[in-house]
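Engineer: So you can see what is in the structure, the chains are spelled out below.
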Amino acid sequence: MNEMSNQTVTDAKKRYSAGVMKYAQMGYWEPDYEPKETDVIALFRITPQDGVDAVEAAAAVAGESSTATWTVVWTDRLTACEKYRAKAYRVDPVPGSEGEFFAYIAYDLDLFEGGSIANLTASIIGNVFGFKPLKALRLEDMRLPVAYVKTFQGPATGIVVERERLNCYGRPLLGATVKPKLGLSGRNYGRVVYEALKGGLDFTKDDENINSQPFMHWRDRFLYCMEAVNRASAATGEVKGTYLNVTAGTMEEMYARAEFAKSLGSVIVMIDLVIGYTAIQSMAKWARDNDMILHLHRAGHSTYTRQRSHGVSFRVIAKWMRLAGVDHLHAGTVVGKLEGDPATTKGYYDIFREERNPMALQNGIFFDQEWASLNKMMPVASGGIHAGQMHQLLTYLGEDVVLQFGGGTIGHPHGIEAGAQANRVALEAMVFARNAGRDIWNEGEDILRDAARSCTPLKQALDVWKDVSFDYASTDAPDFAPTPEVSA
Amino acid sequence: MKLRQGQFSFLPDLTDDDIRVQAQYAIDKGWAVSVEYTDDPHPRNTYWEMWGHPMFDNPDAAAVVYEVNECRKEHGGKYIRVIAFDASPGWESVRMGFIVNRPATEPGFRVVRQEGEGRIIRYTVESYAVREPEGARYA
Chain A
1 MNEMSNQTVT
11 DAKKRYSAGV
21 MKYAQMGYWE
31 PDYEPKETDV
41 IALFRITPQD
51 GVDAVEAAAA
61 VAGESSTATW
71 TVVWTDRLTA
81 CEKYRAKAYR
91 VDPVPGSEGE
101 FFAYIAYDLD
111 LFEGGSIANL
121 TASIIGNVFG
131 FKPLKALRLE
141 DMRLPVAYVK
151 TFQGPATGIV
161 VERERLNCYG
171 RPLLGATVKP
181 KLGLSGRNYG
191 RVVYEALKGG
201 LDFTKDDENI
211 NSQPFMHWRD
221 RFLYCMEAVN
231 RASAATGEVK
241 GTYLNVTAGT
251 MEEMYARAEF
261 AKSLGSVIVM
271 IDLVIGYTAI
281 QSMAKWARDN
291 DMILHLHRAG
301 HSTYTRQRSH
311 GVSFRVIAKW
321 MRLAGVDHLH
331 AGTVVGKLEG
341 DPATTKGYYD
351 IFREERNPMA
361 LQNGIFFDQE
371 WASLNKMMPV
381 ASGGIHAGQM
391 HQLLTYLGED
401 VVLQFGGGTI
411 GHPHGIEAGA
421 QANRVALEAM
431 VFARNAGRDI
441 WNEGEDILRD
451 AARSCTPLKQ
461 ALDVWKDVSF
471 DYASTDAPDF
481 APTPEVSA
Chain B
1 MKLRQGQFSF
11 LPDLTDDDIR
21 VQAQYAIDKG
31 WAVSVEYTDD
41 PHPRNTYWEM
51 WGHPMFDNPD
61 AAAVVYEVNE
71 CRKEHGGKYI
81 RVIAFDASPG
91 WESVRMGFIV
101 NRPATEPGFR
111 VVRQEGEGRI
121 IRYTVESYAV
131 REPEGARYA
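These protein sequence lines are chains A and B, in that order. Per UniProt numbering, residue 1 is the first one in the first sequence, and the count goes up by one each step. Per UniProt numbering, residue 1 is the first one in the second sequence, and the count goes up by one each step.
In case anyone wonders, no lab produced these hints; they're calculated from the structure. For every residue, glycine included, the Cβ atom is placed at its ideal position computed from N, Cα and C. Wrong hints could be hidden among the right ones.
Said to hold, decoys possible - Some but not every residue of chain A turned toward chain B, in silico, with C-beta under 8 Å:
id	residue
1	N230
2	V239
3	S263
4	E355
5	V425
6	A436
What the hints assert, rightly or not - Take a look, some chain A residues computed to stay more than 12 Å from chain B by CB distance:
id	residue
7	P35
8	W74
9	D76
10	L111
11	R219
12	D220
13	F222
14	R231
15	S302
16	F480
All chains should be built: construct the whole structure from the sequences, respecting the hints.
Structural biologist: Structure (structure tokens):
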């Protein structure tokens with residue numbers, strides 16, 4: 001294929017004569033296009049089928065995610081079709097990955113309905129992921145213009161107001177997921193909540209699949225949990241919470257459960273990602289209207305975020321969820337049992353917590369992103385972490401994060417309260433040391449050992465879990481080294 | 001019971017030097033440090049009494065320790081905390097908060113349950129100390 005063949009056909013008669021034409025020739029490839037400030041930009045990783053030109057593949061993605069169909073249609077001429085066509089404007093080979101390309105595609109703002117993740121995603125990831133000329137396709141990142149960001153509510157509560165409501169400043173929050181996640185009765189479940197909160201955690205959490213099952217129906221769980229929350233609050237003088245999972249089969253049922261949680265005085269409710277984008281936005285609106293913190297468990301995301309060549313990057317899901325309006329979202333631990341290398345995870349955390357994300361290819365962030373004063377989301381680190389990693393967690397994840405030690409609390413040899421206390425003491429000692437100017441990365445183990453001298457539960461925790469680490473190669477690392485040679 | 005509010009309530013009580021080090025961390029971040037006290041430590045009692053204004057232009061944490069000790073002279077039988085306020089855009093709220101003084105005995109809180117229909121219980125957490133009028137609590 002020669003260079004000419006990707007040029008837009010400008011002669012209207014030729015352009016709109018019936019038949020099939022290359023997407024690039026139809027006008028979906030514009031190498032000279034300069035994206036407008038108000039354009040939505042998507043960055044796709046494309047893997048064309050053998051023999052398919054990368055530029056034509058990029059143009060096809062632009063076409064199929066905007067106005068095109070497989071053949072020329074004369075009805076295009078009834079519209080301002082040049083405006084509505086998405087424009088692929090840049091295609092770069094992926095460093096070190098033969099056969100893969102980064103395709104930059106710009107979309108006019110008028111292609112999207114304001115305030116609707118469903119509409120945005122129906123275009124961007126609607127049909128195009130099954131398109132035959134591509135072996136694989138991955139949505140790596142998006143630039144959302146301020147004009148579009150401003151059409152969304154954003155996080156119902158946000159980090160700052162969450163801290164104000166909890167009366168908790170200057171340290172990561174602590175949580176634990178109740179285990180075993182299935183099978184406990186309401187009464188037994190509340191026992192775990194009480195012990196963990198009294199011991200020093202701020203939050204406990206329902207797991208993603210704890211809804212309303214034969215062993216424990218939801219009302220029973222809510223009632224026993226709130227007894228535990230209030231008892232623990234009185235025992236410590238702190239505001240406590242438990243993420244009551246209101247995920248259910250219908251919106252009506254979710255609203256009913258959320259209302260019940262509110263009537264019992266809960267500060268937080270929880271939903272699962274699998275309820276869908278529109279349901280998430282509805283619950284975010286409900287949470288804003290009812291002064292409720294909204295926790296989102298990213299159940300199911302790894303089915304499309306984990307593989308590098310196909311799917312949607314979690315950084316894009318994070319952006320959508322910040323628009324959609326959740327307050328808490330799981331974002332990886334770096335050191336725990338679930339996927340996430342440090343550089344990529346930093347990119348996610350920045351998307352959650354910053355006012356502005358500058359381009360940072362080494363963290364997988366391809367665009368400058370302004371958040372236009374949308375509230376910040378609290379990242380949640382959960383899965384295979386324990387008190388002995390406190391210096392690493394604080395270094396990697398910072399202060400505005402919920403550290404969730406499920407097994408690392410409930411699995412403590414001397415019980416749940418001891419486990420919670422070990423985590424809280426380790427955390428406070430590490431924050432204290434960091435503020436005092438100590439090098440916690442290198443001195444972390446000494447700091448923990450010193451703190452354990454006056455806290456037997458911490459000593460026991462350090463002894464039990466001292467050798468536990470999850471050191472596996474990551475399947476989703478950034479494509480660019482820290483000093484990128486690729487220009488913007 | 002021991003009131004567990006604040007950043008460091010699970011550690012041994014802070015010394016004056018500990019207070020200085022933590023306050024200096026806040027000052028070096030550009031945050032304004034202030035001292036507050038109360039005899040009602042309810043978890044949702046947001047507004048403790050201010051021991052003067054936040055120390056906006058103070059570069060030296062020794063002044064914070066001085067104010068803590070002045071406050072102790074008058075309110076040593078109450079809870080005293082140090083908080084740090086960050087006025088930067090996108091935050092404009094408290095960044096740190098830790099307790100630096102406690103009453104000799106901490107009576108804690110009771111849970112009051114109002115039993116309603118359908119097993120619903122409305123909970124109130126009440127500080128035992130507030131059964132006495134302000135000024136007559138603790139010592």
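Engineer: Enumerate the violated hints, using their earlier numbering and listing them in ascending order.
Structural biologist: Of the numbered hints, 11, 12, 13, 14 do not hold.
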